[in-house]
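J.: In case you want the letters, here they are:
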Amino acid sequence: MITPGRKLAPYIFVSPFIVMFAVFMAWPLARSLWLAFHRPLPDGGYRFAPLDNLNFLIHDPLFWFALLNTFFFGLFYLALQVPLSLGLALLLNRKDVKAKSFFRFAFFSTHLVGSVFVAVIANIMLGNRAGFANQIAHFVTNEQIAFLSKPNLVMPAIVLCALWLGVGYGMIYMLAALQSVDEQLHDAAAVDGASPTQRFRHVTLPGIWPVLRFLTLIGFVGALQLFELPYILYQGNGPGLRAITIVGYLYAWGFEINILSYAATIGWVLAIIIAIVSAIYLRLSRSDR
Amino acid sequence: MNAPRLNLTTRIVTHAILIALTIVVLFPIIWIIFASLKKQEDLFDSILMPRGGLSSLMLDNFRTLLTARPFFGWMLNSVFIASTQTILTVLLGTLGGFALAKYRFTCKPLIMGVMFATMLLPGQVLLPSSYELMRALGWIDSFFGIIVPGAVSVFGMFLFMQSIKNVPDELLDAARIDGASEFYIWWEIVMPTIRPMVGAYTLMSFLGAWNSFLWPQIVLQDERKYTLPIGLANMLGTSEYLTNYGVLMAGTLLAVLPVVALFFLLQREFISGLTSGALKG
Numbered sequence: 000m001i002t003p004g005r006k007l008a009p010y011i012f013v014s015p016f017i018v019m020f021a022v023f024m025a026w027p028l029a030r031s032l033w034l035a036f037h038r039p040l041p042d043g044g045y046r047f048a049p050l051d052n053l054n055f056l057i058h059d060p061l062f063w064f065a066l067l068n069t070f071f072f073g074l075f076y077l078a079l080q081v082p083l084s085l086g087l088a089l090l091l092n093r094k095d096v097k098a099k100s101f102f103r104f105a106f107f108s109t110h111l112v113g114s115v116f117v118a119v120i121a122n123i124m125l126g127n128r129a130g131f132a133n134q135i136a137h138f139v140t141n142e143q144i145a146f147l148s149k150p151n152l153v154m155p156a157i158v159l160c161a162l163w164l165g166v167g168y169g170m171i172y173m174l175a176a177l178q179s180v181d182e183q184l185h186d187a188a189a190v191d192g193a194s195p196t197q198r199f200r201h202v203t204l205p206g207i208w209p210v211l212r213f214l215t216l217i218g219f220v221g222a223l224q225l226f227e228l229p230y231i232l233y234q235g236n237g238p239g240l241r242a243i244t245i246v247g248y249l250y251a252w253g254f255e256i257n258i259l260s261y262a263a264t265i266g267w268v269l270a271i272i273i274a275i276v277s278a279i280y281l282r283l284s285r286s287d288r
Numbered sequence: 000m001n002a003p004r005l006n007l008t009t010r011i012v013t014h015a016i017l018i019a020l021t022i023v024v025l026f027p028i029i030w031i032i033f034a035s036l037k038k039q040e041d042l043f044d045s046i047l048m049p050r051g052g053l054s055s056l057m058l059d060n061f062r063t064l065l066t067a068r069p070f071f072g073w074m075l076n077s078v079f080i081a082s083t084q085t086i087l088t089v090l091l092g093t094l095g096g097f098a099l100a101k102y103r104f105t106c107k108p109l110i111m112g113v114m115f116a117t118m119l120l121p122g123q124v125l126l127p128s129s130y131e132l133m134r135a136l137g138w139i140d141s142f143f144g145i146i147v148p149g150a151v152s153v154f155g156m157f158l159f160m161q162s163i164k165n166v167p168d169e170l171l172d173a174a175r176i177d178g179a180s181e182f183y184i185w186w187e188i189v190m191p192t193i194r195p196m197v198g199a200y201t202l203m204s205f206l207g208a209w210n211s212f213l214w215p216q217i218v219l220q221d222e223r224k225y226t227l228p229i230g231l232a233n234m235l236g237t238s239e240y241l242t243n244y245g246v247l248m249a250g251t252l253l254a255v256l257p258v259v260a261l262f263f264l265l266q267r268e269f270i271s272g273l274t275s276g277a278l279k280g
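Heads up: the protein sequence lines correspond to chains V and R, in order. Numbering-wise, numbering that gives the first Met the number 0 puts 92 at position 93 of the first sequence, and it's gapless, one number per residue. Numbering-wise, numbering that gives the first Met the number 0 puts 74 at position 75 of the second sequence, and it's gapless, one number per residue.
The reader is advised that the hints may include incorrect statements.
Here are the simulated distance ranges between beta carbons [stated by the list, open to error]:
| no. | chain 1 | residue 1 | chain 2 | residue 2 | range |
| --- | --- | --- | --- | --- | --- |
| 1 | R | Phe143 | V | Gly4 | 46 to 56 Å |
| 2 | R | Ala15 | V | Ala189 | 21 to 31 Å |
| 3 | V | Phe47 | R | Gln220 | 24 to 34 Å |
From the derived model, a few chain V residues whose C-beta atoms are all more than 12 Å from chain R [claimed, not checked]:
| no. | residue |
| --- | --- |
| 4 | Lys6 |
| 5 | Met19 |
| 6 | Ala48 |
| 7 | Asp51 |
| 8 | Asn54 |
| 9 | Phe107 |
| 10 | Thr109 |
| 11 | Ala121 |
| 12 | Phe131 |
| 13 | Leu152 |
| 14 | Ala175 |
| 15 | Arg198 |
| 16 | Phe199 |
| 17 | Arg200 |
| 18 | Glu227 |
If you're looking for bench data, these hints aren't it; they were derived computationally from the structure. Every residue, glycine too, gets a C-beta built ideally from N, C-alpha and C.
Input sequences plus hints: build the corresponding full structure.
T.: Spelled out as structure tokens, the structure:
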């Protein structure tokens, strides 16, 4: 029973989305690609210069510094976040734990705090002369320390904040994955005399492997897009530019120096990097099977 | 013989670890609650409770925040922007998702291909050109510049499409036989059936908009139009709060607690929605 209304309906339903998508996604995407191949002129116009931006980027030491910094952050963060989330989930997944949903929400709740607010809190706790870190420092050494001006503390401080935001979030996924691991398999292994470690390696780990992999990818792609946390925590690029990230560098070129074409180039290079990381990940997860 | 006692010990140890970790994780929140209630002279001397005890806590910081700063306005702006943007995303996403999940029409494969290709791109690619577009539309320093572009979520439509696929066709056909219009079917049959997904997505989208910084920071310029993240980030940059950060902590608390409370009430719905997409996909 196909009425005319039923034939027309999908077009009417999908068109508001399509129109909005065309104006606010497709067009800006095309324009941003266009920008990446052009150079600004002093009169506000643009000149076609297909390789200028890319050439500048390849020889731009600050871009590479920002890139390495962001990569390093991602690796440092994941190396801690994944085991901590898994550990927390394993602890919480024990059958004899009381008030499970309370603990689950308590650990997860920090994820609800936006990274801007976390950065504001961390700036005060770590950086203020009367903040938490200095309350402790004063108690221990009788001195005040400018924690936020120490270049070597930049990465640990950012990772710490990111962990506060991300460990409980990862735990939620790990918990869901753990609960989907076949319990009979566990019991069978236990009956066969497998030790808890063996059971973890041969039953639990293979069972949660897909989720673990997924979380690692999401975590790394998210880390590559890091911006607010370091930018607000350090009120800019931090001591020795250690708090600079790819998106922070894009923001600086686009909205502080106001050269949109170079900002667009950085954006597309970021997109390509993310595509490569995802492709490698897909490759690896296929060969796993 | 030993087993029950061993079990009891591990149980106690497990709970002790969990409680200790909860305290560590929630400590920053507890710290800012005290910081927001303390007098300036008490800030440095005590980590949590000032020496003077409960009686030396006060609400002055909150009063200053609401009178000396357009903080209340920022809060209203945040509520308005986050809720309108969320409502629009849900309406556009469920309508589009319904069309893609339950109808066959000519350009469907093309639409799906183009849209899902953009899902892989990081949003930052759009920043420079969207800024140009906002300037051209005259939407700089206007809420339109945040709400309207923010209402397009391919990810959201994808989630809705997936859950609408699970709505039985018989249900829709039965309604058609009863003479229901396609629009009526969307609103009265599809929407109630996928309510859990709508609920979870509404929360996710609201949270994202509430915490969003980068784009609003680019679009909004007038201090009275700020949202909470921009307002607070700017307060952090002002020197008057260097010495008395109690006001700033009060503001952060007010920006964070309502959302946490909302999610606490709706946590079951939210967490199941959050994980269902990942585990199925």
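J.: Each hint: holds or not?
T.: Do the hints match the structure? See the list:
Distance hint check for R:Phe143 and V:Gly4: the Cβ-Cβ separation is about 33 Å, which falls outside the suggested range of 46 to 56 Å. Taking the beta carbon of each, R:Ala15 and V:Ala189 are about 25 Å apart, inside 21 to 31 Å as hinted. For V:Phe47 and R:Gln220, the hinted distance range of 24 to 34 Å is satisfied, since their beta carbons lie about 32 Å from each other. Interface exclusion of V:Lys6 from chain R breaks down, the closest Cβ pair being 8 Å apart, not more than 12 Å.
The claim that V:Met19 lies off the interface is violated: its Cβ sits roughly 5 Å from the closest Cβ of chain R, which falls inside the 12 Å cut-off. Its beta-carbon lying about 16 Å from the closest one in chain R, V:Ala48 satisfies the requirement of being farther than 12 Å from that chain. No Cβ of chain R comes within 12 Å of the Cβ of V:Asp51; the nearest lies about 16 Å off, and the non-interface call holds. Listed as outside the interface, V:Asn54 is consistent with that label: its C-beta sits roughly 19 Å from the nearest C-beta of chain R, beyond the 12 Å cut-off.
For V:Phe107, the condition that its CB be more than 12 Å from all CB atoms of chain R is violated, with the nearest at approximately 7 Å. The claim that V:Thr109 is not at the interface with chain R is violated, since a C-beta of that chain comes within 12 Å of its own (minimum 6 Å). The beta carbon of V:Ala121 sits about 8 Å from the closest Cβ of chain R, which is not more than 12 Å, so the claim that it is off the interface is violated. The Cβ of V:Phe131 sits about 6 Å from the closest Cβ of chain R, inside the 12 Å cut-off, so the non-interface label is violated.
At roughly 17 Å from the closest C-beta of chain R, the C-beta of V:Leu152 stays outside 12 Å, upholding its exclusion from the interface. For V:Ala175, the shortest C-beta to C-beta distance to chain R comes to about 4 Å, within the 12 Å cut-off, and the non-interface label is violated. At the 12 Å boundary, the C-beta of V:Arg198 stays outside the reach of chain R, the nearest C-beta of that chain being 16 Å off. At the 12 Å boundary, the C-beta of V:Phe199 stays outside the reach of chain R, the nearest C-beta of that chain being 16 Å off.
Consistency note on V:Arg200: stated as away from chain R, and its beta-carbon is indeed over 12 Å from all of that chain's, at 20 Å minimum. At roughly 5 Å from the closest C-beta of chain R, the C-beta of V:Glu227 falls inside 12 Å, breaking its exclusion from the interface.
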